[in-house]
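Peer 1: Can you build the whole structure from these sequences, using the hints too?
Number of protein chains: 2
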Amino acid sequence: MILITIDTKSRHPLFEQIVDQIRSLIESGGLKEGEVLPSTRKLAENVGVNRATVYRAYEELWAAGYIEAVAGGYSRVRKRIDPVKQQAEIVVDRFGWEGHLSDAFMSISQTRLFSSAQLDGLIDFRSLSPDSDLLPVEDFRRSMNAVIQTEGASVLQYGDPAGYLPLRELLARQMKQHGIHTSADEIVLTNGMQNGIELVCRLLTNPGDCVFVESPTYASALTMMNYLGLKVQGISMTSASMNLDELEASLRKQKPKLIYSMPTFHNPTGISTSQSHRERLLRICERYGVPLVEDGFEEEMKYFGKAVLPVKSMDRKQQLIYLGTFSKILFPGLRIGWIVAPVTLAEKLRRMKEVTDLSGSPLTQAAVFRFCDQGFYELHKKRIHRAYRKRMQLALAACREFLPQQQVQFTRPEGGYLIWLTTCFPLEREAELNQKLIGTGVAVSPGSRFFAADPEKAHFRLSIAHRKEDEIVEGIKRIAEVIQNFN
Amino acid sequence: MILITIDTKSRHPLFEQIVDQIRSLIESGGLKEGEVLPSTRKLAENVGVNRATVYRAYEELWAAGYIEAVAGGYSRVRKRIDPVKQQAEIVVDRFGWEGHLSDAFMSISQTRLFSSAQLDGLIDFRSLSPDSDLLPVEDFRRSMNAVIQTEGASVLQYGDPAGYLPLRELLARQMKQHGIHTSADEIVLTNGMQNGIELVCRLLTNPGDCVFVESPTYASALTMMNYLGLKVQGISMTSASMNLDELEASLRKQKPKLIYSMPTFHNPTGISTSQSHRERLLRICERYGVPLVEDGFEEEMKYFGKAVLPVKSMDRKQQLIYLGTFSKILFPGLRIGWIVAPVTLAEKLRRMKEVTDLSGSPLTQAAVFRFCDQGFYELHKKRIHRAYRKRMQLALAACREFLPQQQVQFTRPEGGYLIWLTTCFPLEREAELNQKLIGTGVAVSPGSRFFAADPEKAHFRLSIAHRKEDEIVEGIKRIAEVIQNFN
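So the protein lines, in turn, are chains V and R. Just so you know, the UniProt record's numbering puts 439 at position 439 of the first sequence, and the rest follows in order with no gaps. Just so you know, the UniProt record's numbering puts 475 at position 475 of the second sequence, and the rest follows in order with no gaps.
These are calculated hints, taken from the structure and not from any lab test. Where hints are given, some of them may not hold.
Here are the simulated lysine-lysine pairs, DSS-like style, with alpha carbons at most 30 Å apart [as the list claims (entries may be wrong)]:
{"#": "1", "chain 1": "V", "residue 1": "Lys-457", "chain 2": "V", "residue 2": "Lys-9"}
{"#": "2", "chain 1": "V", "residue 1": "Lys-231", "chain 2": "R", "residue 2": "Lys-257"}
{"#": "3", "chain 1": "V", "residue 1": "Lys-381", "chain 2": "V", "residue 2": "Lys-468"}
{"#": "4", "chain 1": "R", "residue 1": "Lys-9", "chain 2": "R", "residue 2": "Lys-257"}
{"#": "5", "chain 1": "R", "residue 1": "Lys-257", "chain 2": "V", "residue 2": "Lys-9"}
{"#": "6", "chain 1": "R", "residue 1": "Lys-9", "chain 2": "V", "residue 2": "Lys-231"}
{"#": "7", "chain 1": "R", "residue 1": "Lys-306", "chain 2": "V", "residue 2": "Lys-257"}
{"#": "8", "chain 1": "R", "residue 1": "Lys-468", "chain 2": "R", "residue 2": "Lys-306"}
{"#": "9", "chain 1": "V", "residue 1": "Lys-9", "chain 2": "R", "residue 2": "Lys-255"}
{"#": "10", "chain 1": "R", "residue 1": "Lys-231", "chain 2": "V", "residue 2": "Lys-9"}
{"#": "11", "chain 1": "V", "residue 1": "Lys-457", "chain 2": "V", "residue 2": "Lys-255"}
{"#": "12", "chain 1": "V", "residue 1": "Lys-257", "chain 2": "R", "residue 2": "Lys-9"}
{"#": "13", "chain 1": "V", "residue 1": "Lys-255", "chain 2": "V", "residue 2": "Lys-231"}
{"#": "14", "chain 1": "R", "residue 1": "Lys-231", "chain 2": "V", "residue 2": "Lys-231"}
{"#": "15", "chain 1": "R", "residue 1": "Lys-9", "chain 2": "V", "residue 2": "Lys-255"}
Small disclaimer: the values here were computed from a predicted structure and weren't measured.
Peer 2: Below you can see the structure in the form of structure tokens.
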């Protein structure tokens, strides 16, 4: 019998409180290696919380290496991989730092980290960074080399906080291909998408403010918004888009500081919305006077040729902010994203960029400019379009062929890397199902982390970004088998 | 007669309110090109504020290009350099974004930006980035080239949020040279110093919390702290250090969340504190249980050979966080700094880094590692030590020879790039004196921006980082002349 007490008034989510306490028990020796934890049902009853909450806590503990699954659906305490460091962490805090931590840190202290190492021997459908084998390393090396030779120290000094001007000009031209008429003055380069989301949120919100997001949505955007102390309200996704009736109903109740949306190749579902949906979304934002933040993180991955233009392309009232990134098509490790915003905001974002960073790296920005300017980017885009067109076709064919229709539905993306599985099983069984998938050698992203509030069903996100053709088919076969035999 | 109204209860500093209103008048045509503004004395009387406040406002307006000095110490409205963009900014805000801005942005909206273009033909003592002519561009190009060739896509994908491990290991070894015994586990790479200050402040403070800094201090740290909503209390600098009696008296009144200090080559004064001062500072922090954040931004610039070790080297209770950067010795444009923190904090900082950035750029981090690992860094360090040893000796000799002792005192740094001038003139005359310096072809950093609260006297910071020998001597001669003839 383990003793856990829950504070329902705490800022800390319930499942995190459970995680914290069980972890403390393990670390202090109150729970020993090999001890079996109570079933989720039993612990939920004892503590007085929903069973899903306990599941989520167990999933976190599993991910952190504190527990493992045993026969009969139970979990038992396991030996940590890295006890020395863990021990050091406990012993070494001579000062008592725990009493000094900010609310901002506490709000993310239990968030699952995404950079978990790839597990050997698994078909890993989690990573959303492009396949290394498709990256134009040699062309980029030459671009980098040439930039240092020709521009020298000038790109190695502090740069313009808004970013390297020729790259902003080039991005303005690239944006025109997507119907967005903009100029370098309206563009601010960021350290990838995440930095763009932070800057925009910090420009337009104070802690405690409300923002609307799709539910599910990009998990790291949720984490960022928690970090900034925002109240995040999820607007549910239909099979085709954000539910705009629900959005309007919510707007009548409260006006958020912004609406964050991914109309194209939505993360995690892969859904792209229709032109008429985009028009209606824009009209709603205009009517309620709410800024719309459009995340076009995979805008350039329209390899099936269907190209609905971004909402930003229709933004006559200039109340949209568009976020882009190179990370899903070129090199994530360059950390280059961008914001397109009305000039009055772009100047303010530039100032915030300077206050927080002084500037991005002119060197990497100049190297990417040169790479694009010399035509390598367009060549590269065509090449990865060919590769992923084929991979996505294969993946969708495998989903149609193998996935049991009764137990699981999948989305049919028109580009990008993501397929979203909605199972017939309740959320409470997501962690269990996930462990079975791992057991059969497949890693996917459990769906619960993408929701602002818990959904009913267990979901999984598949990213094909990092997988080859044969792995894709084999992986989906295994997923199908696990789901088929799950009950 | 211009009409300005002041809200003394506003979060907006008084001088910024004056700046805003005069700028609006100019932009709306209420004040026309060539019109002479009231004297600072007169406007101060009319508005009911201190004369220094009006001076500061006029200085801001001058820096932004809205006014210019005319004979008799008056200022008049001038034509803006970039009216089109300025106009666009006003006309184009169709949405009314001004009503949507956050407190965080408002707190920095009027802060002077530092990246102002170098003014042609001036001897510019403002920039704190190393002389481009001394930067080892070609060696770095080869390191970058080799890294892309040997590591390929692996350094072009997302990296560890804590930073590229070999570079962290190398920094741990480098820290040992300064008496800091640490390991890669305790190091988190940042996007330069500024990002390090932000992460540490956000880990340890909530908006509204109090922090102590030296007064004067690094201006962009002040800006960052304002941005984070912190209450900043300045502890005055003596000619040798932070005034520790004043620190203790302040600590008895209120306990800040952290103390931010630059014991070595303090910015802006160039002062390095003694060993006994460091010991006493540490003992005070220990006694009051307050975290100390030590900014060692120029630690590696000890070219006169005198090397007091960082306070962090004595940190047995592990209540110090040390901040370092490559920006003052290698390439600022790589944006690489680092935090050394007790491992329990380092893990938390790593998590925050991931939430805000996902990771830094493994590519630039790996290139710097290779550059250092192959011995180029040590060679480069010796080379710039030689150059700046000579430049600083020349600068100090010129100060001794030319500066009028009655009117101005200067610090005698034991390394780094900075010399600090304390004039006999009151703060109110700083802007005027600064304009005279510009008039004689010398740009320096006016001192007022480095203070948390207004000082009595007019100060100026000279950085020799970007200047050659002959310019240094000539620049200091001109400064001496202007000060001599100022009254």
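Peer 1: Hints first: check each against the structure and report whether it holds.
Peer 2: Hint check:
no.: 1; hint: V:Lys-457 with V:Lys-9; result: holds, 26 Å
no.: 2; hint: V:Lys-231 with R:Lys-257; result: holds, 26 Å
no.: 3; hint: V:Lys-381 with V:Lys-468; result: holds, 18 Å
no.: 4; hint: R:Lys-9 with R:Lys-257; result: holds, 25 Å
no.: 5; hint: R:Lys-257 with V:Lys-9; result: holds, 26 Å
no.: 6; hint: R:Lys-9 with V:Lys-231; result: holds, 29 Å
no.: 7; hint: R:Lys-306 with V:Lys-257; result: violated, 54 Å
no.: 8; hint: R:Lys-468 with R:Lys-306; result: holds, 24 Å
no.: 9; hint: V:Lys-9 with R:Lys-255; result: holds, 28 Å
no.: 10; hint: R:Lys-231 with V:Lys-9; result: holds, 29 Å
no.: 11; hint: V:Lys-457 with V:Lys-255; result: holds, 29 Å
no.: 12; hint: V:Lys-257 with R:Lys-9; result: holds, 26 Å
no.: 13; hint: V:Lys-255 with V:Lys-231; result: holds, 12 Å
no.: 14; hint: R:Lys-231 with V:Lys-231; result: holds, 25 Å
no.: 15; hint: R:Lys-9 with V:Lys-255; result: holds, 28 Å
Violation of the numbered hints given earlier is confined to hint 7; every other hint is satisfied by the structure.
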